[in-house]
Amino acid sequence: GAVVSQHPSWVICKSGTSVKIECRSLDFQATTMFWYRQFPKQSLMLMATSNEGSKATYEQGVEKDKFLINHASLTLSTLTVTSAHPEDSSFYICSAQSKLNQPQHFGDGTRLSIL
Amino acid sequence: QKEVEQNSGPLSVPEGAIASLNCTYSDRGSQSFFWYRQYSGKSPELIMFIYSNGDKEDGRFTAQLNKASQYVSLLIRDSQPSDSATYLCAVNVVAGNNRKLIWGLGTSLAVNP
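If you read the sequences in order, they're chains A and B.
Counting from 177, one number per residue, gives the positions in the first sequence under the numbering used here.
Counting from 24, one number per residue, gives the positions in the second sequence under the numbering used here.
None of these hints come from the bench; they were simulated from the model.
Heads up, the beta-carbon is just placed ideally off N, CA and C, and yes, glycines get one too.
Accuracy of the hints is not assured; some may be wrong.
Said to hold, decoys possible - Using 30 Å as the maximum straight-line C-alpha spacing, the simulated DSSO-like pairs for lysine-lysine come out as follows:
{"no.": "1", "chain 1": "A", "residue 1": "LYS275", "chain 2": "B", "residue 2": "LYS79"}
{"no.": "2", "chain 1": "A", "residue 1": "LYS196", "chain 2": "A", "residue 2": "LYS231"}
{"no.": "3", "chain 1": "A", "residue 1": "LYS242", "chain 2": "B", "residue 2": "LYS90"}
{"no.": "4", "chain 1": "A", "residue 1": "LYS190", "chain 2": "B", "residue 2": "LYS65"}
{"no.": "5", "chain 1": "B", "residue 1": "LYS25", "chain 2": "A", "residue 2": "LYS240"}
{"no.": "6", "chain 1": "A", "residue 1": "LYS217", "chain 2": "B", "residue 2": "LYS25"}
{"no.": "7", "chain 1": "B", "residue 1": "LYS65", "chain 2": "A", "residue 2": "LYS275"}
{"no.": "8", "chain 1": "A", "residue 1": "LYS217", "chain 2": "A", "residue 2": "LYS190"}
{"no.": "9", "chain 1": "A", "residue 1": "LYS217", "chain 2": "B", "residue 2": "LYS65"}
{"no.": "10", "chain 1": "B", "residue 1": "LYS90", "chain 2": "A", "residue 2": "LYS196"}
{"no.": "11", "chain 1": "B", "residue 1": "LYS25", "chain 2": "A", "residue 2": "LYS231"}
{"no.": "12", "chain 1": "B", "residue 1": "LYS65", "chain 2": "A", "residue 2": "LYS196"}
{"no.": "13", "chain 1": "B", "residue 1": "LYS25", "chain 2": "A", "residue 2": "LYS275"}
{"no.": "14", "chain 1": "A", "residue 1": "LYS231", "chain 2": "B", "residue 2": "LYS90"}
{"no.": "15", "chain 1": "B", "residue 1": "LYS25", "chain 2": "A", "residue 2": "LYS242"}
{"no.": "16", "chain 1": "B", "residue 1": "LYS90", "chain 2": "A", "residue 2": "LYS240"}
{"no.": "17", "chain 1": "A", "residue 1": "LYS190", "chain 2": "A", "residue 2": "LYS231"}
Unchecked claim - Sample of chain B residues at the chain A side, in silico, Cβ under 10 Å:
{"no.": "18", "residue": "GLN61"}
{"no.": "19", "residue": "GLU68"}
{"no.": "20", "residue": "PHE72"}
{"no.": "21", "residue": "LEU88"}
{"no.": "22", "residue": "ALA91"}
{"no.": "23", "residue": "GLN93"}
{"no.": "24", "residue": "LEU98"}
{"no.": "25", "residue": "ALA113"}
{"no.": "26", "residue": "ALA118"}
{"no.": "27", "residue": "LYS123"}
{"no.": "28", "residue": "LEU124"}
Given the sequences, and given the hints that come with them, work out the whole structure.
And the structure:
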């Protein structure tokens with residue numbers, strides 16, 4: 177149980193392109209989803225928290241106009257990296273949570289490379 | 024600033040031994056605590072979670088929580104080479120209208136055959 181599917185797993189695209197990443201909870205309803213970014217050999221960095229039907233809450237320093245988050249249903253959240261540049265290249269990981277204080281379950285991550 | 028601290032390691036144990044991983048946290052109001060395992064290049068995988076003081080066992084893993092000392096640990100019995108990974112301690116904290124996890128930097132574990 178508690179399976180989270182994240183697509184795509186790997187994206188390579190040109191600078192200036194917008195990239196959409198999907199995160200789905202397959203066997204539970206996720207009231208809250210989280211988006212993280214992780215650079216090589218560094219810890220997870222929370223980018224934003226999204227609740228179904230509400231605007232996402234972004235962490236300090238994360239540009240909301242660059243990283244658009246939509247949590248339209250209890251099983252789907254999307255992260256769109258708009259006008260991506262090489263410095264946006266990173267490992268993006270989503271997680272989903274059914275209730276407060278319950279564990280977060282992670283997708284397999286999306287490796288984004290901007291040329 | 025709410026913090027979670029872990030020894031970065033590497034912690035090296037022989038195969039079959041007990042690995043002991045430790046974590047301290049600063050927010051006394053925290054109510055839920057998690058251990059995740061992360062292999063290189065992969066996303067975190069939930070190992071254990073604990074809410075109450077004391078021990079919680081699941082197979083070869085035991086999580087221990089002491090809220091008075093603000094301390095949580097993970098014991099891995101009969102360690103296997105496949106347990107070699109980075110172990111992340113995470114603590115749930117209140118953040119505005121939400122809750123979020125504060126993460127330790129992780130302890131690297133190497134189990135030697």
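Now for the hints, and whether the structure bears them out:
Taking the CA atoms of A/LYS275 and B/LYS79, the gap is about 21 Å. The hint holds against a cut of 30 Å. Taking the CA atoms of A/LYS196 and A/LYS231, the gap is near 17 Å; set against the 30 Å cutoff, the hint holds. Pair hint A/LYS242 plus B/LYS90 does not hold up; C-alpha atoms about 40 Å apart against a cutoff of 30 Å. About 24 Å separates the Cα atoms of A/LYS190 and B/LYS65, which keeps this hinted pair within 30 Å; it holds.
At most 30 Å may separate the alpha-carbon atoms for a hinted pair to count; B/LYS25 and A/LYS240 meet this at roughly 23 Å. Using a Cα cut-off of 30 Å, the hinted pair A/LYS217 and B/LYS25 holds, with the two alpha carbons roughly 22 Å apart. The suggested pairing of B/LYS65 with A/LYS275 holds, with an alpha-carbon distance near 25 Å, which does not exceed 30 Å. For the given pair, A/LYS217 sits about 25 Å from A/LYS190 by alpha-carbon distance, which is consistent with the 30 Å threshold.
A distance of roughly 12 Å separates the Cα atoms of A/LYS217 and B/LYS65; the hinted pair therefore holds under the 30 Å criterion. Restraint check: the Cα-Cα separation between B/LYS90 and A/LYS196 comes to about 41 Å, which exceeds 30 Å; the hinted pair is violated. For the suggested pair B/LYS25 and A/LYS231, the alpha carbons sit about 24 Å apart, so the restraint of at most 30 Å is met. A distance of roughly 20 Å separates the Cα atoms of B/LYS65 and A/LYS196; the hinted pair therefore holds under the 30 Å criterion.
With a C-alpha separation of about 22 Å, the suggested pair B/LYS25 and A/LYS275 falls inside the 30 Å cut-off, and the hint holds. Between the alpha carbons of A/LYS231 and B/LYS90 the distance comes to roughly 34 Å, so the proposed pair goes past 30 Å and is violated. Note on B/LYS25 and A/LYS242: the hinted pairing holds, with a Cα-Cα distance of about 27 Å set against a maximum of 30 Å. For a cut-off of 30 Å, the pair hint linking B/LYS90 to A/LYS240 is broken: about 36 Å separates their Cα positions.
Among the hinted pairs, A/LYS190 with A/LYS231 is consistent with the structure: their alpha-carbon atoms are about 29 Å apart, no more than 30 Å. Among the interface hints, the one on B/GLN61 holds; its C-beta lies about 8 Å from the nearest C-beta in chain A, closer than the 10 Å criterion. The criterion of a C-beta within 10 Å of any C-beta in chain A is met by B/GLU68, whose closest approach is roughly 7 Å, and the hint holds. Residue-level restraint check for B/PHE72 holds (minimum Cβ-Cβ distance to chain A is 5 Å; threshold 10 Å).
Look at B/LEU88: its Cβ only gets to about 14 Å from chain A, farther than 10 Å, so that hint breaks. Checking B/ALA91 against chain A: minimum C-beta separation of about 20 Å lies over 10 Å; hint violated. Among the interface hints, the one on B/GLN93 is violated; its C-beta lies about 17 Å from the nearest C-beta in chain A, farther than the 10 Å criterion. The criterion of a C-beta within 10 Å of any C-beta in chain A is not met by B/LEU98, whose closest approach is roughly 19 Å, and the hint is violated.
A distance limit of 10 Å between C-beta atoms decides the matter here; for B/ALA113 the minimum to chain A is near 8 Å, and the interface restraint holds. Interface restraint check: B/ALA118 against chain A, minimum CB-CB distance 7 Å, threshold 10 Å, status holds. For B/LYS123, the interface hint holds, since its Cβ comes within 10 Å of a Cβ in chain A; the closest pair sits about 6 Å apart. Taking 10 Å as the C-beta contact cut-off toward chain A, the hint placing B/LEU124 at the interface holds, the least distance being around 6 Å.
The structure fails hints 3, 10, 14, 16, 21, 22, 23 and 24 (numbered hints given earlier, in ascending order).
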